Structure formats: structure tokens, C-alpha cells
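Chain by chain, the residues run as shown.
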Amino acid sequence: MSEAVYPESEVFHTEDMTISVGPQHPSTHGVLRFVVRTDGEVISEALPDVGYLHRSIEKIGEKCTYHGYVPYTDRADYLAAMFANQGFCMAAEKLGATEVTRRGEFCRVIACELNRIASHLISVGTFGQDIGAITPFLHALRERETINDLMEEICGARLTYNYIRIGGVGYDITPQTCDKILVFLDHFDPIIDEYNRLLSYNKIYIERLANVAAITKEDALQYNLVGPNLRASGVKWDIRRDIPYSVYPELEFEVPVGHGEKGTLGDCYDRYWVRIQELQESSKILRQCLKMMPKGPAISKVPRKFKPPAGEVYVRVEAPRGDMGYYVVSDGTEYAYRVRIRTGSFTAMAIIDKLSRGIMVADLIALIASLDVDAPEIDR
Amino acid sequence: MQAQEIYNKIEKQFPGKVGLFRGDVFDPHLNVDAGAIVDVCRYLRDDAETAFEVLSDLTAIDWTKKDDEKIQVVYHLFSYAKRHQIVLKVDLPREAPRIATVEGIWKAANWFEREVFDLFGVDFAGHSDLRRIMLPEDWVGHPLRKDYVEQEEYDGISTQRAPLVDKLLK
Chain A
0 MSEAVYPESE VFHTEDMTIS VGPQHPSTHG VLRFVVRTDG EVISEALPDV GYLHRSIEKI
60 GEKCTYHGYV PYTDRADYLA AMFANQGFCM AAEKLGATEV TRRGEFCRVI ACELNRIASH
120 LISVGTFGQD IGAITPFLHA LRERETINDL MEEICGARLT YNYIRIGGVG YDITPQTCDK
180 ILVFLDHFDP IIDEYNRLLS YNKIYIERLA NVAAITKEDA LQYNLVGPNL RASGVKWDIR
240 RDIPYSVYPE LEFEVPVGHG EKGTLGDCYD RYWVRIQELQ ESSKILRQCL KMMPKGPAIS
300 KVPRKFKPPA GEVYVRVEAP RGDMGYYVVS DGTEYAYRVR IRTGSFTAMA IIDKLSRGIM
360 VADLIALIAS LDVDAPEIDR
Chain B
0 MQAQEIYNKI EKQFPGKVGL FRGDVFDPHL NVDAGAIVDV CRYLRDDAET AFEVLSDLTA
60 IDWTKKDDEK IQVVYHLFSY AKRHQIVLKV DLPREAPRIA TVEGIWKAAN WFEREVFDLF
120 GVDFAGHSDL RRIMLPEDWV GHPLRKDYVE QEEYDGISTQ RAPLVDKLLK
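Top to bottom, those sequences are chains A and B. The opening position of the first sequence corresponds to residue 0 in numbering that gives the first Met the number 0, with each subsequent residue numbered one higher. The opening position of the second sequence corresponds to residue 0 in numbering that gives the first Met the number 0, with each subsequent residue numbered one higher.
In short, the hints are calculated from the structure, not lab data. Wrong hints could be hidden among the right ones.
Claimed, not checked - Capping the alpha-carbon separation at 27 Å, the derived lysine-lysine pairs in DSS-like fashion look like this:
| id | chain 1 | residue 1 | chain 2 | residue 2 |
| --- | --- | --- | --- | --- |
| 1 | B | Lys64 | A | Lys216 |
| 2 | B | Lys81 | A | Lys235 |
| 3 | A | Lys304 | B | Lys64 |
Computed from a predicted structure; not experimentally measured.
Please model the entire structure based on the sequences and the hints provided.
And the structure:
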């Protein structure tokens, strides 16, 4: 329009700008980098650059015994190490036809669901922080700190647990710890409401997230999004319910999906809201487990030289960042022939390039936060 | 659908292109000719009965057994609607492995294939953006191959340094 009015010499010339977001940037949640091409505030392209945290965890898996590899799996995703433990142990157990004791299964579920709450708290907390709401982050971290303490009591570690072992769990959960978990849950349930009042129903927060970077169901499947990101796009799929493992079939819980709560289906707010609802579901699962906890040994007898017969297996667990797949190939020796870890963040990261086209720079930050990508889980 | 039925369906559609079906294992799998992978995948996605709308995983295995040396590319297909899965395997030579990309069928394949290219050195023909993803652009070799030997130094920094502990213990 302006070109018609002004002579050419007076037209205000603009050009695309290329900026590097990260690798050390508070909103990238770890060591990630985006090469962003913008026209003013509008992004024309945001290319993710990953690999800064590549530690060859898959190669290490070929060099370690099955038992020896469990602590390494922790490092695949430090925010949800319990699930990485469980995925690998389930794969090894399936290959070696190893039984898990019933109490061991309950200990696993308790530890995992506590871990899920901790991981989602980080996710929703940092989400607020990235948008500019610092206070809710501190509230979330305060609760997570209690979970870290509980975890320390359960297995001696606060982040990299190495708790779930082949055949069960490393240490039994004592009745005293069970009581403490119950006290925590009684304290935590009202906190979710408080958190909602503080952040979820905040007008500014909603306006920043609703209708931003909506992912259609088709795109979610094409890019193989998993977990909360997939559910936010309206696909009711939870591995705990649909490909049941452990004792989940005996437990009652809902699978929250996105409904376009405040805007379009599959927008940033839906992804956020699904996680908040999952906090409640995890709390529900924990209460049931604590009630149903059977007596017995926490780990079954597993030979020290664990040699599963030759074969291969693909096992999925529902981690906080979705379907975590372990593809383990055994050649009948003490060492796995190939360990492949398929993680939710990896595929979530790949969709950012497509979604970022045409959105504002500030919305890119919301998009990254809403997908809950976790750098170590992408790179492994 | 049972894995056997899926296999029968593919075999009928692509006679001679598929084989070595194993249905008695944890995750039933079958071998596909390298040349037919794109057609088979497209058929499996678009057919109303199979409806594999998701590529769960794409990875590779390096087999170095004598007389059976190969790079095996493994596709894990899954269907949310039908709740079934199938595993496709493609055997490629260890020297200069090359296969067509399935990026046009599932977008998720883009990054999966980049990772396999980076760590196994498989060339995906027709890929839109085949660059290393985990390692630096100028890295030498493909680490997940069994015969991989780390380069001695990268960018002037040694990659192999004897731990000090060994010296102290002597």
C-alpha cells in the first residue's frame, strides 16, 4: 500500500534478520539452539539445532552388561529418570523372561507417578517462567523439592535414581515413607487449585497461550508426537491404559485430552492444561497404590550374570514426555547387541520448524515451552 | 489385525518383494526389498485395514557376523486406530548403504533418518535435509557402527586421554 503513496527512494526498506536463540538461553530448557530468521517480530523460519548433549547413551548400552546399563538410562532424561529405568528394565525382563514381584510393581508405579508429578511441575513451572510469570515457577519448585526429598528417602538419590532394577526395585518402600507420601498428597491436592488460580486462570497467561501454535491431529500423527502433546491434539491415547503394563490395569484413572479449552484444539493452552490434569490423575493413582500395596519381596531372584536369549523387543512406557520406546536386541551374551531409546522430545523437536512459520518471536518461546522438550532426552 | 494377516496382505500386494516373516517373536517382523520400501510403506499407511498412520521408530542395526554382514534399517509402524503394529526390516550392504527416504509418507522420518545417517552412515535418497544431527558436521565416521574407531583428536583436542588414576596406581 505504502509503495503506491511514496516515491521509491522513501520506502522504508526492511530485511530478514537471522538470530541465534541458544544454546545457552533460559527459555530453551537445556542446551538447545534455534537459528531463527525473522522479519521484524514475525518468524519466517526457526531451525532447531540439537546434539549439544549427545552422550552416546545408545553406544554405551552395547558396552555394558544389562545390570550395569540401568544407571546410564537415568541420564537419558534427568527430569524423569524413573521412566527411563523402567523402560529398559521392562525390555530386559521381556527378553530374559524374568518375573517382577508384585510388590516390586507397586513400588515402581509409586516411584514413577511421583516422578511424573515432579516432571510436570517443572514443565508447567518453567512454562509460566518463559511467559514472564516468575512466581508460579517458585511455587512449583517448592513442591518438587518435597518430592525430591521423598525420592531420596525411597532410593537415596534426588534426580538420577537407578531405583528400578531388572526383576523389581532396588529398595523396598517402607511404611513410614508411604505415610509421608500420603501426607504429601494431602498437601499437594489443594496446591493444584492454588496453582490454577495463580497461573492457569490468569487472563494474561490465557491470552498468551490460547490459539497459539495449534497442532492438528493429522500433524501430530505425521510427526509422531506422543504423550501429553498428542493428547492435547485430541487423540485419547495413553500407553498405561491402551498397551497396559505393570499394574496399571488394576488402577483407575482418567486420560485427559485437549478440548480447545480456551481456544483452538491442540494449542499451547491445551498442552498446558493436559499436564495440569495429569497432575491430579497421578495423585489419584498414588493414593490407590498406597492402599493396595501388597506384602512380599521387592525384587525377584535374578542371576548376577543376566544373559537373555537372542531376540529383540520393543517396549513402550508412558513417560511424562510421552511414549518412551526401548528397542533392545540381544545376541545371547551378557551385553546387549543394540539399545535404541526412542524419546518423545526428539519427535516434538522436529515439529517446531513447521509450527514456527509465521508466528511471533514471543510465541516461539511459548511453543517450545508447551512441547516440554528436554534437551538430554533429545540428544541422548 | 494379526501380524500374519498383515503379512499375507503385503505379500499379495507385493509378491516377491517381502519375505522372512517371523510371527512367533515379541514383535512380529518381516523383511522388505530395499527397492520396494516406499511403496510398501505408502500402501500400509493408506490401506483402510492396516492404517499405519504413525512411524513409531526408525533405526538401524549393524550386523558384523561373518557371511552375514549388513546394515539393517528397522521401521516400527503403529496404528492408533487399529491398535496393531508391525516391524519392517531392510537389509543393506555395509559398504555404501543407500535406501529411499520415507519422509514423504511420515514427516517424523525426517529426523529419524538424519539420525541414522549420522550414526550409521546410511544414505537416504531423496531426503530433503540430510545433514548430521547429533555430531558436528566435520566429524569423521559413524559411531554406532561396530567397527567404529574414534578419531584421535577433534578440533585440536584429544578424544583419548589415559585417565590419571591409572598413572597414580602404578
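The hints, checked one at a time:
Between Lys64 (chain B) and Lys216 (chain A), the direct Cα distance comes to roughly 43 Å. Violation of the 27 Å bound is thereby established for this hinted pair. A C-alpha spacing of about 13 Å is found between Lys81 (chain B) and Lys235 (chain A), which places the hinted pair at or below 27 Å, so the restraint holds. With a C-alpha separation of about 24 Å, the suggested pair Lys304 (chain A) and Lys64 (chain B) falls inside the 27 Å cut-off, and the hint holds.
Checked against the numbered hints above, the structure breaks only hint 1 and satisfies the rest.
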